[in-house]
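Undergrad: Chain by chain, the residues run as shown.
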Amino acid sequence: MSSELIETLWRQFGVEAGEHFDLLEKLLSATPGNMTDSERIAALFRSFHSLKGAARAMDLFAMEAVAHRAETILGRVRTGVLPLTEEVAAPLLDALDVLRSLAEFGIRDRRDGQAPADLLARLDALGGETSAVKPGPASPPPQPARLHENERMLGLFVGLLHDGMATLTRALDLGSMDEEGLRTVDDTADRLELACERLNFLPFADTLRRFREALAVRDADGILRELQGVATASARIGRLTGKDAGAAILATLLADHNIQLLAQGSARADALLADPASLADGAAARELAGLLDRMASTLDIVRLPRGSALLRVLADVMRRAPVAGHADWPVLLADARSALADLAERASRDPAEDLDTDGSAALEERLRAFVDAVSAEMEAGEARRPLSADELSGLGLDPGLLRFLSPDSTADLRAAIADPSVRLYEVTAFLETSAEVASGFVQWMGSKVRAITNWPEFIDGKTWLRVLIASPQELPALADALAGIDPGGGFLRIRSCTPSEPPADGEETSATGPVEEAASPALPAVAPAVAAATTATSVAPVRSAAAPGGGVLRVPGEVVDRFMARIDGMVLLSGDLNATANDLRLEKALAALAERLGAGDPDLRALQEAVEHHRRDLLDLDTQLSRSVDRLREAALDLRVVPIETLFNQFPRVVRELARIQGKSVRFVMEGGEVRIDKSMVETLYDPLMHMVRNAIDHGIETPADREAAGKPPQATLCLRAIQRNSRVVVEIADDGRGIATESVRAKAVRQGLIGEDDSLQLWPEGAREFIFAPGFSTADTVTETSGRGVGMDVVRNAITRLGGSIAIRTREGAGTAFAIDLPLSAAILRTLLVQVDAQVLAIPDRFVEEVCGFTADDFHLVSGCWTVLRRKRVLPVVRLADALGFPAEGEWPPVGPGQSLIVVLRHGNRRIGLEIDRLLRRGDLFVRESHPGLAEVPGVGGVSLLNDGRIVIILDGDELYRLASAAQRREAAAPAHHPGPSTPS
Amino acid sequence: MAKPTILLVDDSVLMRTIIGDIVRADDELSLVGAAENGKVALEMVKSLKPDIVLLDIEMPEMSGLEVMEHLSLMSRAKVIIISSVAQVGSPEATEARALGAVEIIAKPSGTMSLDLAHKKGHDIVAAIRRAAGLPPPVKP
Chain A
1 MSSELIETLW RQFGVEAGEH FDLLEKLLSA TPGNMTDSER IAALFRSFHS LKGAARAMDL
61 FAMEAVAHRA ETILGRVRTG VLPLTEEVAA PLLDALDVLR SLAEFGIRDR RDGQAPADLL
121 ARLDALGGET SAVKPGPASP PPQPARLHEN ERMLGLFVGL LHDGMATLTR ALDLGSMDEE
181 GLRTVDDTAD RLELACERLN FLPFADTLRR FREALAVRDA DGILRELQGV ATASARIGRL
241 TGKDAGAAIL ATLLADHNIQ LLAQGSARAD ALLADPASLA DGAAARELAG LLDRMASTLD
301 IVRLPRGSAL LRVLADVMRR APVAGHADWP VLLADARSAL ADLAERASRD PAEDLDTDGS
361 AALEERLRAF VDAVSAEMEA GEARRPLSAD ELSGLGLDPG LLRFLSPDST ADLRAAIADP
421 SVRLYEVTAF LETSAEVASG FVQWMGSKVR AITNWPEFID GKTWLRVLIA SPQELPALAD
481 ALAGIDPGGG FLRIRSCTPS EPPADGEETS ATGPVEEAAS PALPAVAPAV AAATTATSVA
541 PVRSAAAPGG GVLRVPGEVV DRFMARIDGM VLLSGDLNAT ANDLRLEKAL AALAERLGAG
601 DPDLRALQEA VEHHRRDLLD LDTQLSRSVD RLREAALDLR VVPIETLFNQ FPRVVRELAR
661 IQGKSVRFVM EGGEVRIDKS MVETLYDPLM HMVRNAIDHG IETPADREAA GKPPQATLCL
721 RAIQRNSRVV VEIADDGRGI ATESVRAKAV RQGLIGEDDS LQLWPEGARE FIFAPGFSTA
781 DTVTETSGRG VGMDVVRNAI TRLGGSIAIR TREGAGTAFA IDLPLSAAIL RTLLVQVDAQ
841 VLAIPDRFVE EVCGFTADDF HLVSGCWTVL RRKRVLPVVR LADALGFPAE GEWPPVGPGQ
901 SLIVVLRHGN RRIGLEIDRL LRRGDLFVRE SHPGLAEVPG VGGVSLLNDG RIVIILDGDE
961 LYRLASAAQR REAAAPAHHP GPSTPS
Chain B
987 MAKPTILLVD DSVLMRTIIG DIVRADDELS LVGAAENGKV ALEMVKSLKP DIVLLDIEMP
1047 EMSGLEVMEH LSLMSRAKVI IISSVAQVGS PEATEARALG AVEIIAKPSG TMSLDLAHKK
1107 GHDIVAAIRR AAGLPPPVKP
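Keeping their order, the protein sequence lines are chains A and B.
Under the working numbering, the first residue of the first sequence is numbered 1, with each subsequent residue one higher.
Under the working numbering, the first residue of the second sequence is numbered 987, with each subsequent residue one higher.
Keep in mind that the hints were calculated from the coordinates and are not lab data.
Take the hints with a grain of salt, since some may be wrong.
[Unchecked claim] Simulated coverage check for chain A against chain B, where a stretch passes if three residues somewhere in it have a Cβ under 8 Å from a Cβ of chain B: (1) 153-159; (2) 590-601; (3) 736-749; (4) 863-875.
[What the hints assert, rightly or not] DSBU-like cross-link-like pairs, simulated, lysine-lysine; straight-line CA separation at most 30 Å: (5) K1025/B x K989/B; (6) K1032/B x K243/A; (7) K243/A x K1025/B; (8) K462/A x K448/A; (9) K243/A x K1035/B; (10) K989/B x K1032/B; (11) K26/A x K679/A; (12) K26/A x K1032/B.
Ideal Cβ placement from N, Cα and C applies to all residues, glycine included.
All chains, please: the whole structure from these sequences, using the hints.
TA: Following this line, the structure appears as structure tokens:
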């Protein structure tokens, strides 16, 4: 076994075991709403069973031992011996934990671990036995059951029959059926025949065999006859089983078929016969012939033999068309039309009538004479009959070639095919560059080989000539000859047209596709198809890792991240190109050049214009490329979203554990797991959600006794749900517990000095709730093991704000609490305003920016020690962004002299503050990267990103920025003397 | 003579890789397809018409035994059960036999150690060759 294969196996094992673990976790923690209990138990059993098998295959025997015991327990649950209670589920969850760590250990160290003995003992106690199932004594193979007495098998058979019937009836439409269709029908009949044999319905099997024989030789009569037999037999089986075996369908279809065939056939045949000119075209005549044959078969079934005989002769005549030149032709056609009309009318009577003996016999005679007379001419015409697309692909030729084959070239091609001494080749030639190559090639074509047809082909924007040739020479000889004409190579290529082989290996044909025969080393074949096929092959193994039941590709997260990084790299390059293409220096240089040249040297002028022209091309390309890169980036971002279920699924178990520890009974409901969010949010949301879930169980939900005392059901409900609203996601966590006592929040806020007593009463009750988000705030009187320390709701709010979201609370005392987290769909992409301070580019999240205005030095006024400007008749405090961030600030403050100062108006709730910046760059969508840990501690910094030109941009945190700006403003107010600006009022 | 064609049905990609590797190692056998569940398997049987089907029992959606019921009416393929559920004498084994399974063998184990891989692979290949009427494989 190769080491490469072993690596693959370990990887597959890791993925597969991981899937089973996740599924088991979910199934053991709660019954998903869309599953019945027995489905859940069956799925649990299967999952443990598969883990056992996988572990065994990988030599992880400790893991196998644990999985085997879990499987045994579920086997007992499945048969109803053991109920799936808490006492059973808990050790299974423990088993799951052990399995996880054993798998991890195995994957990391490539060796077996050790299962804890106490767990094995606990599992054994539940499993009711202590060792693996011992193989029993070898029993003689039981007699194959008499299958036709097995009701289930009969049911299956009737189902097969019923389903197959529609396919069988396709045989009625023989004329329009290709080989593929024929095979499908034959396959179905073959399977039904086999099923009949297996169930001992031997006469029925015989009927089907005869049907297949008729089908093989396209015997329309035989097919109809046997189908009647199938209808009879399936009607009998239907009566036997009391089920619909499809007999009714078949009978109806047959009757419909007959009536329709005659009616349609007559109308169509009449139309074709009425237009002798169109019959000169072989296709129309062949269509008519097929039609007439089918009508004749139908007439046989409805027992109108004279009509049938006449139609068959007529069909024979048509098959030998076009013979429009013959003198008797128009008269014959007219007579045929009237005979057909007569026949259609008689056949539609009830009961149907046949043609008159005399009239039909006379016409039949004349038709036969006609056939004899023209049959000699027909021989010659056969060669010019067009080839079918299937025939062409059979020869290794593109079916699209059909339109380049004239009757003459068709005859040539047929002759070449019939001649065993020549082979077909396809030459691809580019004759536009070298006159020698072109003339040499034309000469060679004229003397050495037989050209059948040629057609243009566009490769890389150039027109190549493709020529189909026949030659008795072998490929290497021809390639040598071409190499003699085109010594440099590259202009002439040749491949042999190899008749396609029927696919030998179903699995591999789809992946590899056709492979062109290499012409010669000097003449590499242009083979984009092969390149594409190779790519397909290398991608194919990924498919095998797809989750069952969907076209889902499982790709490791780091692959996506790497992909995104590559795209970001490409964005950078595209930015470089943009900068180069738009470089003003080049434009200026060209303009200067043009000016200098004036009306001077026309040659130099032409050169200058050529350069100018190229520059414009470059600009166009740059625009196109950046648009295409943008689209690529958008598409790639789609890869980063995952169903929120991935996050939610981590909670059921925590809820159970917590509830158990605290003696509370909680029903945990999850909704909207299919809503998709950015992968990065899953990680960031975990902690806040976990905190709120813990809070809900610790503080929100009462003990069953308390709940009953309050007149509530003893079991509490905790609901985690996600709802998508346009481009935002709302994640809600709601409990029906005791709610938050607003009064105690208010009192505590006052006690902690967060607000004055009077103010608090004004805020109360809605505003008071906001205090639970204040740093360090807690209403809980006891600090429990699980909550009450560590993160508080302030940290929760901060985390959510960092994701660009907000959190709201609804609570009613005694009825419960609900937190609603409102998030953007993607936290990774942030719309920002890019500004510059000193040399540093900074990004301010767009939703915090109200506007950007320009002010002159005169607009600045000192109000209460702070510099302000008047904006929309309101005083707007202004600070330098550099001051707010603690950057070294240069220049005068407030600004002096002419020119405008740019002020970004930062919005925070209902408050505004102005930030002076050096330069305004533009708006930009940034892909937020996790910032360097050191950078993250810098106040006001939310993350970093890269600009198209590769410069690093610092993304500011809106809330923090506002806080910093306000602080800077307060510092300023405290020390007004430090800022003796020119417009300071005295 | 054309090589006997084999279709492999197992819901585990790991098992498909391992068993597939074992079958492919025998030049006289041709693995024509691998299906991850019963439904896909029945479709593949229709189109690929394998001579032999290697079938797992425990699979989601449609169990191996259900697949066998369908197979017995629609395919001439010989069915070899590869499962650790169907121990000799178990109800599954009896039913699989009644439905016409020609062999029932255990899943491969100890794939990682080379000698075991040969030995276990030997069981599977031997069963396939018996079903296909080929001489037994050369002992490793």
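Undergrad: Would you mind marking each hint as holding or not holding in the structure?
TA: Results for each hint:
1. 153-159: Three-residue rule met by the segment 153-159 of chain A, so holds; n is 3.
2. 590-601: violated (count 0)
3. 736-749: This one is violated; 0 residues, fewer than the three required, reach chain B with a Cβ under 8 Å.
4. 863-875: Violated, because only 0 residues of the segment 863-875 of chain A bring their Cβ atoms closer than 8 Å to Cβ atoms of chain B.
5. K1025/B x K989/B: Satisfied, since the Cα-Cα distance of roughly 25 Å is no more than 30 Å.
6. K1032/B x K243/A: Holds, because 25 Å separates the two Cα atoms, which is no more than 30 Å.
7. K243/A x K1025/B: At roughly 24 Å apart (the allowed maximum being 30 Å), K1025/B and K243/A satisfy the hint.
8. K462/A x K448/A: Status holds; Cα separation ~27 Å.
9. K243/A x K1035/B: holds (29 Å)
10. K989/B x K1032/B: holds (19 Å)
11. K26/A x K679/A: Holds: K26/A and K679/A sit about 20 Å apart, inside 30 Å.
12. K26/A x K1032/B: The given pair, whose Cα atoms are some 36 Å apart, is violated under the 30 Å limit.
Violated hints, in rising order: 2, 3, 4, 12; the structure is consistent with all others.
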